[in-house]
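Make the full structure from the sequences, and use the hints.
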Amino acid sequence: MESPDKKILDHILKDPFGDLLKTKRSVPREGESIVELTVTQDHVNCHGVTHGGVIFACCDMALALASNSRGLIEVATQVTISFLKPTGPGANLKAHCKEVHKGNKLGLFDIVVTDFSGGVISRAQGQVYKKKQSFV
7 MESPDKKILD
17 HILKDPFGDL
27 LKTKRSVPRE
37 GESIVELTVT
47 QDHVNCHGVT
57 HGGVIFACCD
67 MALALASNSR
77 GLIEVATQVT
87 ISFLKPTGPG
97 ANLKAHCKEV
107 HKGNKLGLFD
117 IVVTDFSGGV
127 ISRAQGQVYK
137 KKQSFV
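Just so we're aligned, residue 7 is where the sequence shown starts under the numbering used here, counting upward by one.
The set of hints was computed from the structure by calculation and includes no laboratory data.
Warning: the hint list may mix true and false statements.
Taking lysine-lysine pairs in the BS3-like style, the calculated list, with each CA pair at most 27 Å apart, reads [to be verified]:
#1 Lys28 to Lys100
#2 Lys100 to Lys20
#3 Lys137 to Lys13
#4 Lys136 to Lys12
#5 Lys137 to Lys12
#6 Lys111 to Lys12
#7 Lys104 to Lys91
#8 Lys104 to Lys138
#9 Lys13 to Lys28
#10 Lys12 to Lys138
#11 Lys30 to Lys136
Just so you know, these numbers come straight off a predicted model, no measurement behind them.
And the structure:
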């Protein structure tokens with residue numbers, strides 16, 4: 007797989023919500039992405055563990071980056087997620103998204119969230135609809 011074009015990267019890496027959460031985002035190649043986040047007190051729920059919405063947001067960002075990495079608009083139609091292990095402040099999370107099916111109209115992606123030790127925190131799967139419309 008090729009690395010995405012600079013114009014595509016410039017467009018898809020602009021994410022105000024990702025900036026708000028203080029994520030680091032990268033697209034090593036088409037159909038693949040990584041979103042990293044260090045959990046702070048602002049990211050936890052009432053029990054002091056990482057809020058599920060924060061983990062889901064990282065997965066959703068990773069899905070958007072990977073699926074749009076070819077410069078064509080692809081939008082999520084369904085995402086399922088399983089939370090497997092709690093984390094808290096100081097945890098370094100990495101959501102790694104990879105394309106597993108590249109259909110004509112639909113695409114399927116696996117997203118695995120790990121912590122600094124490589125332990126699996128969460129697994130998600132996202133389906134996207136391909137609009138076949140360029141954004142660059």
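We went through each hint and held it up to the structure:
{"no.": "1", "hint": "Lys28 to Lys100", "result": "13 Å, holds"}
{"no.": "2", "hint": "Lys100 to Lys20", "result": "19 Å, holds"}
{"no.": "3", "hint": "Lys137 to Lys13", "result": "19 Å, holds"}
{"no.": "4", "hint": "Lys136 to Lys12", "result": "21 Å, holds"}
{"no.": "5", "hint": "Lys137 to Lys12", "result": "21 Å, holds"}
{"no.": "6", "hint": "Lys111 to Lys12", "result": "25 Å, holds"}
{"no.": "7", "hint": "Lys104 to Lys91", "result": "21 Å, holds"}
{"no.": "8", "hint": "Lys104 to Lys138", "result": "20 Å, holds"}
{"no.": "9", "hint": "Lys13 to Lys28", "result": "23 Å, holds"}
{"no.": "10", "hint": "Lys12 to Lys138", "result": "20 Å, holds"}
{"no.": "11", "hint": "Lys30 to Lys136", "result": "26 Å, holds"}
Checked against the numbered hints given earlier, this structure breaks none of them.
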